[in-house]
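From first to last, the protein sequence lines stand for chains A and B.
Residue numbering for the first sequence follows the numbering used here, beginning at 124 and increasing consecutively.
Residue numbering for the second sequence follows the numbering used here, beginning at 47 and increasing consecutively.
In case anyone wonders, no lab produced these hints; they're calculated from the structure.
Some hints could be false.
[What the hints assert, rightly or not] Quick list of the computed label-pair ranges, beta carbon to beta carbon:
1. B:L254 - A:W197: 30 to 36 Å
2. A:R177 - B:L89: 55 to 61 Å
3. A:G235 - B:S178: 37 to 43 Å
[As the list claims (entries may be wrong)] One-sided and incomplete, this derived list gives chain B residues near chain A with beta-carbon spacing under 8 Å:
4. T262
5. G266
6. E269
7. E272
8. R273
9. F276
10. S277
[Said to hold, decoys possible] Simulated coverage check for chain A against chain B, where a stretch passes if three residues somewhere in it have a Cβ under 8 Å from a Cβ of chain B:
11. 186 to 200
12. 205 to 212
13. 224 to 236
Even for Gly, the Cβ is constructed at its ideal location relative to N, Cα and C.
Read off the chains here:
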Amino acid sequence: MTIFEGRGLTVRYGAHVALDGVDIALEPGVVHGVIGPNGAGKSTFIDALSGRKRPSSGTVTFEGVDITRRSVRWRRRKGLSRSFQRTSVFGAMTVGDQLEMVARRNNEEDLGEIVRTLGLEGILDRVCAEIAYGTQRSVDLAIALIGRPKVVLLDEPCAGLVHDESVRMLQHVRDVCKERDVAALLVEHDVEGVFRTCDVITVLDLGKLLATGTPDDVRADENVIRAYLGSAA
Amino acid sequence: MTTTAPTDVVSPSAAAPEASPRGRLKGTLVGLGIAVATLLAGLAVPYVVTDTYRMSLLVEGTLLSLLAIGIGFLARHLGLISLGHGAFFGAAAYGVGIATTNWGWSPTTAVGFGVVVGTGFAVVMGLLVVRSSGFGFLMLTLALSQALYALSVQTSARPLTGAHDGKLLSYDRDMTFLGLAQRDVMNPGLFWPMAWIALTMCATVLWLVGRSRFGTTLEGIRENEERMRFSGYDTFGPRLVAFVLSGAVASLGGALFAINSGYVSPDILGFTRAGDSLIAALVGGFGLLVGPIVGTFLFVYAQANFNFGGNLHLFTGMALILVLVFMPGGITGSLQKLYHRLRRGRR
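Bound-form chain A, shown alone (with noise of 0.2 Å):
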């Protein structure tokens, strides 16, 4: 049952072609991975699904419905949200103020659910610049998951996270989205994670679909292993 799907997307900056009629089909309770080596066009493809950026051709759909040119407002409104690779907090404000005020606005019932689940509990008070990066980390999950989204994509959480961290934060996010029965898209460096935590992963390569599948199919797929994972894999 498709709850979010990504038909053709394109996206032109110049002649240059970032990301190549890519297709993507997300539901609910399902973990999908998106992996590809710098430059496939991983970040390009989240912020064409997520509105940041507007596709040169293609549609999104939600809920069978076309919102390819609908506002990341509205998105958020309707229950897609996203987080972003470089920390995107509010420095200035404390973790429990910021938390607060996304909670108003997306009807949040139970954020004590959320801040229990990341392990937020104890820095409520503090200034989020002032926090260590990880847990930045973790905030920013907070504030994509705060209001019940049905969609969430997942822009390279892990990203400057160290090895364990990185282990807490995929395993968080696999408990989310199966607890809330959310449809989580997971951008990530990480292959070994992607593999350990997502339940179907779409590789790209040079802004292409190279293959979607199972991560034991992925694994095997020849031409993964030829441009991408290598023999070792």
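Go by the hints and put chain B onto chain A.
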């Protein structure tokens, strides 16, 4: 003054966080108590300061403070540095002048009209500028306010604005501004209560708005506009409202300024006026509501005492350099930092 500067200039809400709603309410009540006490204490000023010249400086400082707290509100809550608020101050002043002198309106109605005119300009300018930020915002507000200045000094505008000669206000002897005839309105001791009440009321309103949920929304927009949109917030509307509100406060200052001085000079719309207000607010400090007020009174004092040989700007320039280099956060910001350090040291 780059796009990312605001958090340096505007010290973030470093004051003790009030976690509980009850603590918040208590804070609000304490603040309102201080506001009422300040208002009442201020009313005694004419009895202490009997010298008319000094009193006129205090009135000038109070009215220019309205302009400065408008500028400071935008800087503190949205990180936007405006050079356009002189236009609202000036437009309101000309509105009063035109309504009284050309149309024969009563001064009280004319002041109301002036505020509406200034605020109207704020709406128009706001629609054009609040989408931009940082340097773009600074330049756009400057350009639009200078356009107004250029309009006001056109020869064809002479019947309305008096062009370069400025506009002398005149109205019937039996007409009063809230009970004060023109002679009395220009007497700083008698006019003082109106200026002072206007300033304390506006400062209180801005303070309350800053503490409200709307204030939190503005803070969120200041800190991360894009994430606000990705969190479902409209970011244009709140910025426009904040811009218009701060413009309305500046307009009230301008309208009262015109009534009090009985004359509107085109200098009021000039670049120097806008720059001086901004510098005064910056020297006083944007981080606190009183910062721009402190800076403005200091500026008015300097204008009266250090203006020998037309060297005022030498002194404002030095003050600006001193503050920017050694006291980020302005005078009040530095005092606040010192206070926190002393308190921490004692503990």
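Q) If you check each hint against the structure, which ones fail? A) Of the numbered hints, all hold.
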